[in-house]
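Trainee: Sequence:
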Amino acid sequence: MIPVVAAIIFNTEKQVLIARRKSTLSNGGKWEFPGGKLHPGEEPEKCIQREIQEELGIRIVAENIFYAVNKIYPTFNLLLLAYHCRYVSGQVQLKDHDEICWVPVSRLLEYDLSEADIEVAKKLMKTN
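Here this note's numbering is used: position 83 in the sequence shown is 121, and no number is missing along the way.
The reader is advised that the hints may include incorrect statements.
[Claimed, not checked] Below 30 Å or equal to it, Euclidean Cα-Cα: the simulated DSSO-like pairs (lysine-lysine) are:
#, residue 1, residue 2
1, K109, K68
2, K133, K75
3, K84, K164
4, K75, K161
5, K109, K161
6, K75, K164
7, K52, K109
8, K84, K60
9, K109, K160
10, K84, K109
11, K84, K133
12, K109, K60
13, K161, K133
14, K68, K133
15, K84, K68
16, K60, K133
17, K84, K52
[Stated by the list, open to error] Pairwise CB distance ranges (calculated):
#, residue 1, residue 2, range
18, G79, T50, 27 to 37 Å
19, N49, T113, 33 to 43 Å
20, K52, V126, 25 to 35 Å
21, H122, E92, 16 to 26 Å
22, E51, Q129, 16 to 26 Å
Keep in mind that the hints were calculated from the coordinates and are not lab data.
Ideal placement from N, C-alpha and C gives every residue a C-beta, glycine not left out.
When you get a sec, could you build the whole thing from the sequences and use the hints?
Mentor: So, in structure tokens, the structure goes:
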């Protein structure tokens, strides 16, 4: 099982941040809640802060876990831990992504999200 974390970051207009993976990466061209893989022994809250700093160049604080998704793919299992996060500082700099978008929760499924992120989007739509 591969443990990963994802950040759910809202702006002041109640839109959520999603990012499109570069076409050269796995799942290239898919939209996702940004995040990444946990290192062995790493706390998920610290991981999400590190990953967002590395991938987007911004500082966030993980506030609470929102949802956990266990997604079974043909060659691996993925455990996605989605956290509500609060923006702290910095300007977005794209590294693993080629575009970001602030989206109303009601429109998330209009984007070509990765499979695990679809589950998070559906849960967000039910709770917002």
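Trainee: Tell me, which hint numbers fail for this structure?
Mentor: 20
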